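S.K.: What follows is each chain in one-letter form.
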Amino acid sequence: MPMDFSYKETWLHKINPSLKLLIMILLFIHLLMIHNTNILINYMIGMIVLYLFFTGHPWKRLLVISIPFLLIFLTSSTSMIFFGKGEITWAKWGLVHITEESFFRGLHLGFRGISFAVLGIVFALTTRPVYLFYSLMQQFKMKPKYAYSFMAAIRLIPLMIEEMQTLHYALQVRGVQGERGVKGFYKKIKSYSIPLLSQSIRRAYRIAVAMEAKRFSNRGNRTYFYQLGFSKFDVIFLCYLLVIIPLSYVTATHFPYFSITDVRYGS
Amino acid sequence: MTTIASMTNMRLKFPGVDSLLFEDFSLSIDRGEKVLILGPSGSGKSTLLQVLTGLIPHAVEVPMKADALTIPESWGFLFQDPDAQFCMPYVDEEIAFVLENLQIPREIMDHYIDHYLQQVGLKFDDTHTKIQTLSGGMKQRLAIASVLALEPEVLCLDEPTAMLDPEGTRLVWDTIKNVGEDKTVVIVEHKIEQVVDFIDRVILLDENGAIIADGPKQQVFDQHKHVLIEQGIWYPGVWEDYMQDKSRHIPPSVNTEDAKLAVHLSDFSAFRGKVKALQVKEARAYPGEWITILGENGAGKSTLLLAMMNLLKTTGTYKVLEQDYKRIKHLAEYVSFVFQNPEFQFVTNSVYEEIAFSLHLAKWEQDKITRRVNQMLKMHHLEEHQHTHPYQLSMGQKRRLSVAASIVKEQPIILLDEPTFGQDAKNTFAILEQLEQLRAQGTTIIMVTHDINIVKNFATKVWRVEYGELVKEFPAPIFVETFQPAVIS
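Protein chains in written order, with UniProt numbering: chain A, 1 to 267; chain B, 1 to 489.
For reference, chain A alone in the conformation it holds in the complex (with noise of 0.2 Å):
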C-alpha cells in the first residue's frame, strides 16, 4: 500500500531543523503566557497563515488535517463555556453554567488548543526526521546512537502499515467477526498488536546488527552526509515571528476585539 506524501519544498523546510524545534519550544511556552485573547488571535492568525501558505502542502492535504484542530477547538472551549467559574451569568440548565467569564476563558482555550497545534503541525509537515537527527548530532551534539536508532524507528513504520493490513487480510480469511463492545476491542487490540510487535522486535533486532556490520559505532568521529548549518531561511523565520508576535500585541492594543484583557478567573 503505497502511500504518497510528496509535497513542495518551501522556506520553512529550508531552516535549520534544530533552530526551528527550539524556537518552537520557545513559542510554546510563551503562548502559556499569553492571557489576553485579542493578543491570542492575532497570533494564531500569524500561525496559520505560516500554515496555510508555506508548508508546500496540497490543500486537499491541509484541510484534511484541519479537522482534528476545529475538534481540540470545540473540546477545549467547550467545557470551560458550560462548566467553568464567572459572575455574570448568560445562561443555566442545570449543571451548565455559561457566564461571561467562562465564555470568554472558553474561547481563549480553544484559540489556544489551535496555536498550539498548529505551531506543532507546522513543524512536522515541514521538517524531514532524518535532516532533524543530523541536526541534532551537528548542532546539539546528540550522540550518533540516539540519532541512528531514531531514524531506523521511523523507518519500520511504513514497514508496519503493511503488515497491519496483510494481518486485517489474514483475520477475515480466518472467518474473525469483529465483536462488538470493549471486549471485542481488547480483542482486536490482542490480535493486532501481538504478531506487529513480535515482528517489529525481531527487524529491530536484526536492523541493529546490520549497522554493527556496517562498523556503526560510537566513536565520536564521523562524517555527515549531510551539513546542516544556519541560512538565510533561518534569519526570515526569525524576522517573521519579530513582526508577527510584536505586531499581534500593538493591534490587540489599539484594535481590541474584546474589552477582555486579561481571562484569568479572579483578575
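Keep in mind that the hints are not guaranteed to be accurate.
Okay, derived cross-link-like pairs now, SDA-like style, lysine to any residue, Cα gap no bigger than 25 Å in a straight line [to be verified]:
1. A:LYS190 x B:GLU343
2. B:LYS274 x A:PRO158
3. A:LYS187 x B:ASN349
4. B:LYS34 x B:ASP200
5. A:LYS141 x B:ASP92
6. B:LYS130 x A:GLN177
7. A:LYS187 x B:LEU359
8. A:LYS145 x B:ARG106
9. B:LYS130 x A:ILE154
10. B:LYS130 x A:THR166
11. A:LYS14 x B:MET109
12. B:LYS177 x A:ARG215
13. B:LYS274 x A:ARG222
14. B:LYS130 x A:MET164
15. A:LYS145 x B:GLN103
16. B:LYS319 x A:GLN177
17. A:LYS8 x B:HIS128
18. B:LYS274 x A:MET164
19. A:LYS187 x B:HIS389
Please keep in mind that the hints were generated in silico from the structure rather than gathered at the bench. Predicted, not measured: the structure shown is a model, and the values here were computed from it.
Position chain B relative to chain A; hints supplied.
M.R.: Frame of chain A, contents of chain B only:
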C-alpha cells in the same frame, strides 16, 4: 595460500539452551576461497558466520570461547531479510551511512555512491530514491552495494535470496559472482543450484553443529548425497531424485465432462483502491484440479487470490460451487487461504488452539473438535508441539501449522500464495504430498508459485497472469512443453 579467517576449538552456547551449539569446533578459510556452508536448520550456520566476522560476541552477546580466533581485517555481511538491513529511508542515504562510518569526506561521497551502485548494476535517475519502492531483489543488491562500500576482503552471505523470487534470486547471485570474483566468499544457503558453479569448497554440518564433511564440492556432493537428501538441501537434481523415488511422474488428468464447477470466473475484475488491478475474462476450476498461477512479479497473481477470497472490491461473475459468491454468507466455509508468511495467519497462543480455532468458530462439539485436531496434529507431525506458541516453531513447522489450520474444516477449495517459498526440500515435498492427497480426494487447489517443477510434477492446469490480466488457461503438460524453461525461472 594464506589463512584469512580461522578458529580453533570454538565453543558456543545460547543462553537458556542446555547443550553447547558448537563444541571444540575448528575451521580455517584461506584467502580467495569460495566456501559454501550447508546444514539443517538449527545447525548454527548463521551463528558460525557471525562468529567468523566477530559479530558474535561484539554485536550479539552470546557466550563464546575459542583457543584461537582469527577474524578477517575487513569483511562485509549480507543478511537474508531485505527489509531488516537498512537504517535509512533513501538509497543514497543508506550507502552514505556506511561512508560516514568509515569517515569518508563529504566531498567524495557522491562519487562513491554512484560507483558502488554501478558495481551492483543498479541504475536510478536520482539516487535519492525511496528504498521502500524497490523490489526485494533490488533491495538486496543495494545491500550488496553498501557492503561493497566497506571494501571488504571477505564477503559473508547468510541466505541472501531466501526471501526473493526467482528473477531477483538470479540477479542477486549474478551480482555476487561478479563482485566476489577476487574476494574470499563464505555462503550459507540451502538452495544451491545458483551457487554451485561459483563455489569450490563445501562444509557440511550436522544438526549438532559438527562438521560431517569438508572438501572440494564434487567430492562432498558425491560422498554425502544421502545427507543432503536427509537434510532437505536443494542440491542440483533433487527433483529428479524425488520423482524417481515416488515413481509417480504422471500429472493426474481430471474428468471435467460432467463435473460440477468448483470455481467459475467470468468478466471478473478486482480493484485495489480505485485502480483496476486485475481482470479475468473466463476461468474455470473443477474439483480435483491443481491449478498453478504463474506470472512475473507484480503481474497480479496475489491480487487474484485476494479477490477470490473476497478481500478486495470486485465486479463481474464469481461462482463458488455454482453459487454466486455474493449469496454466500461465509465464504471461509468454502474457500480456505494459506498466506505466504505463515506468521500472519496465527491468531491464538498455542498450536492446538490454532488448529481448533475455525472449529470453535463453527461451533463444533467439543469431542469432535478434539478428535479432528488430534488427527490434524498427527498428520502434520506437530503432536509434540501442541502446547507451543506458534511463533516458537521452526520455519517448516510454522508452514505445516498454517496449512493444517487452514484446511481443518476440509473446505472444497484451497488458495495458496507460494506455500513452498523459502522452505527446504524436505518441507516442500511434505507440503506438496499433503496437498496432492487432498486433491485426490476432490479438493480444488489453486496456488501461486514460481517453481516450474511443481507445475511439471503436480499441477493439472496453469493460469498465466500477465500485466494484470489472466491471459490464458493451459493444461499443465502443454504449458511445460511450450514454455519451459524460458518464461518462468
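S.K.: So if I understand the rule, the pair passes when the alpha-carbon distance is 25 Å or less; does LYS274 of chain B with MET164 of chain A pass?
M.R.: 20 Å, holds
S.K.: Between LYS14 of chain A and MET109 of chain B, is the straight-line Cα distance small enough, at 25 Å or below?
M.R.: 22 Å, holds
S.K.: Between LYS319 of chain B and GLN177 of chain A, does the CA-CA distance stay at or below 25 Å?
M.R.: Roughly 23 Å between the alpha carbons, so the hint for LYS319 of chain B and GLN177 of chain A holds.
S.K.: Checking one constraint from the list: CA of LYS8 of chain A to CA of HIS128 of chain B, max 25 Å. Satisfied?
M.R.: 16 Å, holds
S.K.: What's the verdict on LYS274 of chain B and ARG222 of chain A, does the C-alpha distance respect the 25 Å limit or exceed it?
M.R.: Distance ~47 Å between LYS274 of chain B and ARG222 of chain A Cα, so the pair is violated.
S.K.: Given the hint that LYS274 of chain B pairs with PRO158 of chain A, does the C-alpha gap stay at or below 25 Å?
M.R.: 21 Å, holds
S.K.: Under the criterion that the straight-line Cα-Cα distance not exceed 25 Å, is the pair LYS190 of chain A, GLU343 of chain B satisfied?
M.R.: With Cα atoms ~15 Å apart, LYS190 of chain A and GLU343 of chain B stay inside 25 Å; holds.
S.K.: Verify the proposed pairing of LYS187 of chain A with ASN349 of chain B, using a straight-line Cα cut of 25 Å.
M.R.: 13 Å, holds
S.K.: Take the C-alpha atoms of LYS130 of chain B and GLN177 of chain A, compute the straight-line distance between them, and say whether it is at most 25 Å.
M.R.: Distance ~36 Å between LYS130 of chain B and GLN177 of chain A Cα, so the pair is violated.
S.K.: Assess, step by step, whether the Cα of LYS130 of chain B is no farther than 25 Å from the Cα of ILE154 of chain A, and give holds or violated.
M.R.: 13 Å, holds
S.K.: Please work out if LYS130 of chain B and THR166 of chain A have their alpha carbons no farther apart than 25 Å.
M.R.: Given pair LYS130 of chain B, THR166 of chain A holds - Cα atoms ~21 Å apart, limit 25 Å.
S.K.: Is LYS34 of chain B within 25 Å of ASP200 of chain B, Cα to Cα?
M.R.: 6 Å, holds
Hint compliance for this structure: hints 6 and 13 are not met, and every other hint is.
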